[in-house]
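*Asks:* Under my numbering, residues 36 to 903 are what the sequence shown spells out, in order.
Some clues are possibly wrong.
Cut-off 25 Å, straight-line C-alpha distance, at most; resulting in silico cross-link-like pairs (DMTMM-like, lysine to aspartate or glutamate) [as the list claims (entries may be wrong)]:
no., residue 1, residue 2
1, K587, D714
2, K694, D704
3, K731, D720
4, K251, E292
5, K168, D104
6, K313, E68
7, K691, D640
8, K691, D575
9, K247, E226
10, K694, E579
11, K760, E656
12, K208, E229
13, K695, E782
14, K698, E659
15, K699, E725
16, K400, D421
17, K698, D542
18, K699, E797
19, K810, D887
20, K806, D714
21, K601, D513
22, K716, D876
23, K320, E262
24, K767, D752
25, K810, D773
26, K676, D714
27, K691, D711
28, K601, E579
29, K405, E372
30, K405, E488
31, K676, D711
32, K713, D421
33, K810, D720
Treat the hints as calculated values from the structure; they're not laboratory data.
Since we're looking at a predicted model, the values are computed, not measured.
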Amino acid sequence: MKKARFKVRDVLKELLNSGLKDISTEEIAKAAELTRGVTSSYLSQLRKDGLVIKYGTKPVYWKIKENTDVFSRFIGSSGSLKKVIESAKSSVVYPPNGFPLIITGPSGTGKSYLASLLYKYAHQQHVITESAKFVVLNCADYANNPELLSSVLFGYKRGAFTGADKDTTGLVKQADGGYLFLDEIHRLPIESQEKLFTLLDTGYYYPLGENKDALKVNIRFIFATTEQLDNYLLQTFRRRVPLNLELPSFSKRPLFERYQIILHFFYQEAISIQRDLKIAYSVLKSLVAISSGGNIGTIQNKVKLMCADAYRNDTSSGRYIMIDDKQTFLEDYIYLEYQKIENFEPLMSLDDKQSVLNLINILKKNEHQKAPISDSVLEIQSFLHDTRQLVLNIDLDEKITNIMTSKVKKIIVFLRHRYGQTIDITDNDIKNLIYFLDILLYFSEQLNLKDSEVLLQSIKKRYPRTTYLAMLAAQKLDFKELSQSLVVLALVFLIFAPKVSAIEKIDMLAIIVSHGETMAASIQSVVNNLCCNYIFESFDMPIETSMMDISKEIGNFISQQSQAYKGTILMFDMGSLSQMYKEIKPLLSSDLLVINNVTTATALDIGLQIQQNSQFKEIAEKAEAYRDVISTQYYEGISQKQNIIISCMSGEGLSKEIKKIIKKVSQTDTDIITMDYKDLKNSLDNHDHEYFRNTKIILTTTDIPQYTLTPIINIYDIMDKPGTKKLGELLKELGESDQSINALIEELLKFFTIEGIGDRLEFLNPEVVIKEVQKITSKYEKYYHLSLSGKIKLNLYMHISLMLERTLVSSNSNNKGHTIREQMSETQLEFYSVSKNIFHDVETKYNITVNDYEISLMYELLRPLVVD
C-alpha cells in the first residue's frame with residue numbers, strides 16, 4: 036500500500052492539475068481529509084525527499100518538484116546503471132562535438148531507448164539545434180546487400196547503378212547536425228565498416244558513384260549490438276569508438292529494478308485500458324524469477340497477456356481489475372492507479388529504513404533481558420520474511436552471491452576441520468545470511484555503528500567462545516564493505532546459534548603451541564573433531580620465530596578472551612617453549628597447567644577431560660602420570676612472583692591507571708595484577724589461602740571481608756594516616772624505600788581528586804557531570820541524614836561519574852549480580868526505591884536507565900552508613 040505522504044503528494048498534484056495556484060497546507064489537508072499537523076509533517080518529509088517545493092512565508096505554499104532529467108524514466112538510471120548513464124552524458128557534452136559510443140547487451144535490454152534519450156539529452160544541453168534529427172538504421176535489414184546498405188547510408192549520385200536516375204541523399208546527410216544510430220552494428224559488413232573510418236575521423240564521406248568531391252557533415256554516432264565486439268567488428272573500427280556501455284539482461288538487474296520494470300509495464304497497461312489494477316505480490320515474484328535471456332520485451336508481453344486475460348474475465352463493477360495467480364487465499368497486493376503519477380519506489384522500500392533500526396534495538400533488548408539466542412534468531416528470520424514480502428529494494432548481485440556462497444561453504448569446512456563444529460546449514464540458510472548482509476550494507480549509512488558495537492560486546496560477554504569463532508569466520512568471509520561487528524553479529528545469529536550451548540559449555544582455556552608449519556593445528560584438528568567441539572586453539576610457529584613474538588601472539592589471544600575461565604592449559608612441543616609461562620601467567624586470573632612435549636594422545640586425554648567438565652585440579656593431578664614421558668608443571672595461584680592485586684569496583688580501567696602509578700614509582704620487580712571486581716570476588720570465594728600465597732597486598736575501592744591472610748586495603752583509606760602507615764609498612768616488606776613509598780602516596784593523592792576523575796571521563800563533560808554527581812550525593816546525605824567525610828565523598832564522586840558514563844556508553848548494561856527483589860531486606864528495598872527517585876533527573880537528562888546492578892553497587896558502598 037502506498038505510504039500516506041505519497042498520497043498527500045498525489046493530492047497536491049491533483050489540485051495543481053485542476054488549475055489552482057499557490058496551494059497552502061490548509062488546502063492540501065482539507066482535500067486529503069487529514070489534520071493540518073499531519074499534512075505539514077508529510078509535506079516536510081516530501082520536501083526532504085526532493086519531491087515537493089515550499090515557497091512563501093505566511094502562508095506557506097507548495098508545488099510539485101518536476102524532474103527535468105530525460106534519463107529519469109530510464110529504470111536504473113539512479114541505481115545499477117548510474118555509472119552507465121553518467122558516462123553516456125559525458126559522451127554528449129564533451130567538446131567540441133561529443134564522441135561516439137557503442138551500447139552492448141542482450142536483445143531487449145533498452146539499447147534503442149537509451150540511444151533516443153541521448154538524443155533528447157543533447158537537445159536539453161543545447162549541444163545540437165532544435166532541428167537536428169535522430170536518424171536510425173538497423174544494419175540487419177541490409178546485411179545481405181552491402182551495395183544497398185552503402186546507398187542507403189551514404190546516398191548515391193545519378194547513374195551510380197541501374198535505376199539511379201537522380202541524386203539521392205543518404206541517412207548520413209539526413210543526420211547532419213544530429214545523431215545517427217546504427218543498430219545491430221555487428222551485421223555491418225567489413226567494407227561498410229571501412230567506409231565509416233574516414234567519416235568518423237574527418238567528417239567527410241563520398242556518396243555512391245562520387246569519387247571527387249567529398250561531402251562534409253557534423254554527425255554524432257551511436258552504435259548498438261547484441262554480440263561480442265571482438266567477434267564482428269574490426270579493431271580499427273573499435274579504436275575509433277572510445278566508449279562501450281553495457282546494459283545487463285533482465286535477470287542480471289537488481290531485484291528492485293526488476294520490480295520497477297514489471298510495474299512500469301503494468302502501469303502502461305492500466306493507462307491503455309483506463310482501469311486501475313490490483314496485482315498480487317505472488318504474480319510479481321513469478322515474473323521477477325523469469326529468465327528471459329535478457330529480453331525485457333518478453334516480460335512486457337507476459338504483462339500484456341496477463342492484463343488482457345484479467346480484463347476479459349473481469350465481471351465485477353469494482354474499481355480495480357484483479358491480477359492474481361489464484362494459488363493462495365492469503366495474499367498481499369500492490370495497487371496501481373492509472374490516473375496517478377508513476378512512482379513505485381515508495382511502494383517497495385522499508386518504512387523510512389526504520390525496520391532495520393527496530394531490529395537492532397530488539398536484538399539489544401533481548402540481550403539486555405538475557406533472552407535465549409533462539410528468540411533473536413526468530414526476530415531476524417521474521418524480519419527477512421517481511422522484507423521479501425515488501426519487495427525490498429536490495430541489490431542481490433548474482434556474481435557476488437555465488438562468490439559469497441562459496442566462501443561460506445569453505446568456512447563451514449574450516450570450522451569442522453579445525454574446531455570440530457559440525458554445522459548443519461542449507462543453501463537457504465546461506466542465502467538468508469547473504470541477504471541479511473546485503474540489507475545491512477544497503478542501510479549501513481542509517482545504522483548507528485555504536486549500537487552494533489554495543490550489541491556485539493553484549494553478545495561477546497554471553498557467548499565469548501562462539502563470538503571468537505564468528506570473528507575467525509568473518510575474517511575469512513572478508514566482507515570488507517560492511518562493519519566487522521555487523522558481519523560477526525550476522526554469523527553468530529544465522530550460522531552459530533544452534534551450537535551456542537555446546538560451544539559455551541567449555542569452561543577452560545586450552546592452547547597448543549608448536550614449532551613448525553602444521554603440527555599444532557594438526558593435533559588441534561584431531562582432538563576437536565574427536566571431542567566434537569571447540570576445545571583447543573593452536574599456534575604453529577616457524578622455527579625462526581622468536582620467543583618474544585610467540586609470547587606476544589599468544590598473549591594477544593588470551594587478552595581477547597572475555598570469559599573468566601576456571602583454568603588455562605598450555606601444551607608445548609619443546610622445552611624452550613615451556614618457559615613462556617613467565618610471560619603468559621601474569622595475563623591470567625586463573626590456574627595454569629603447562630605440559631611439555633605435547634602429543635596427540637595427551638592432548639586428546641586433556642580434551643576429553645575438559646569436555647566432561649572435569650575440575651582443573653583433577654586434570655592437573657592426572658597430568659602427573661605423564662611425567663614418565665613428558666614434563667608437566669602446575670602453576671597454581673595468581674602469580675609465581677610476589678605480587679599486588681588491584682581490583683576496583685568502578686571498573687578495570689581505574690585499576691590499570693593505579694597500576695601505572697605504582698609501576699612508575701616502584702623500585703622492585705613486584706608483579707602488579709589488575710582484576711575485574713567480580714573475578715576477584717570469585718577467586719576469593721573459590722580458592723584457599725595457598726592460592727594467594729605470593730600476593731602481598733590486595734588494593735580495592737570498597738571494603739570486603741578478609742578472606743585470606745593477604746592484607747586487603749581500601750585505596751581510599753590511604754588518604755587517612757592509618758591507611759598511609761599500613762600501606763607503607765607493607766611496601767617496605769616488598770623492598771620499597773621510603774622515597775618510593777612517599778612518591779606513590781603523593782601520586783595517588785594527586786590522582787584521586789575531582790580533576791583526576793575528570794581526566795578519566797572520555798565522553799561526558801567533567802565540569803557538567805561533577806555537578807550532577809554532587810546533587811546525587813547531596814540527596815543521599817539529606818535523605819539518610821548523613822555527613823559524609825571527604826574520603827567517602829570522593830569515593831562516591833568517582834564511582835557515580837564513571838557509572839554514568841558506563842551506562843551512557845553501554846545502553847544495555849547487564850543486571851548481573853543484582854539481588855532478587857523478593858530476597859531483599861526492608862532496608863534494601865527502601866534504598867532501591869529512594870535511589871530510583873534520586874537518579875530520575877540524571878536519567879532524564881542523559882536518556883539512560885541506571886539498572887539494578889549499578890544500584891546494588893551503590894548500596895554496597897553506602898550500606899555501612901544506611902544500615903542501623
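*Asks:* Take the hints in turn and mark each one as holding or not.
*Replies:* Hints, verified against the model:
1. K587 - D714: holds (24 Å)
2. K694 - D704: holds (13 Å)
3. K731 - D720: Between K731 and D720 the Cα gap is close to 18 Å, so the pair holds against 25 Å.
4. K251 - E292: violated (43 Å)
5. K168 - D104: This hinted pair holds, its Cα atoms lying about 20 Å apart.
6. K313 - E68: Answer holds: K313 to E68 is near 24 Å, not above 25 Å.
7. K691 - D640: Given that 25 Å is the threshold and the Cα spacing comes to 38 Å, the pair is violated.
8. K691 - D575: violated (32 Å)
9. K247 - E226: holds (20 Å)
10. K694 - E579: Violated. K694 to E579 sits at ~34 Å, over the 25 Å cutoff.
11. K760 - E656: Violated, at roughly 43 Å.
12. K208 - E229: holds (18 Å)
13. K695 - E782: holds (10 Å)
14. K698 - E659: Violated: K698 and E659 sit about 37 Å apart, past 25 Å.
15. K699 - E725: Violated, at roughly 29 Å.
16. K400 - D421: holds (20 Å)
17. K698 - D542: Violated, at about 32 Å.
18. K699 - E797: Status holds; Cα separation ~23 Å.
19. K810 - D887: holds (20 Å)
20. K806 - D714: Distance of about 32 Å is beyond 25 Å: violated.
21. K601 - D513: violated (33 Å)
22. K716 - D876: At roughly 33 Å apart (the allowed maximum being 25 Å), D876 and K716 break the hint.
23. K320 - E262: Distance of about 30 Å is beyond 25 Å: violated.
24. K767 - D752: holds (18 Å)
25. K810 - D773: With Cα atoms ~40 Å apart, K810 and D773 exceed 25 Å; violated.
26. K676 - D714: OK: K676 and D714 at ~20 Å, within 25 Å.
27. K691 - D711: Holds: K691 and D711 sit about 11 Å apart, inside 25 Å.
28. K601 - E579: Roughly 33 Å between the alpha carbons, so the hint for K601 and E579 is violated.
29. K405 - E372: violated (48 Å)
30. K405 - E488: holds (17 Å)
31. K676 - D711: holds (20 Å)
32. K713 - D421: violated (42 Å)
33. K810 - D720: Answer violated: K810 to D720 is near 36 Å, above 25 Å.
Of the hints listed earlier, those the structure fails to meet are numbers 4, 7, 8, 10, 11, 14, 15, 17, 20, 21, 22, 23, 25, 28, 29, 32 and 33, in rising order.
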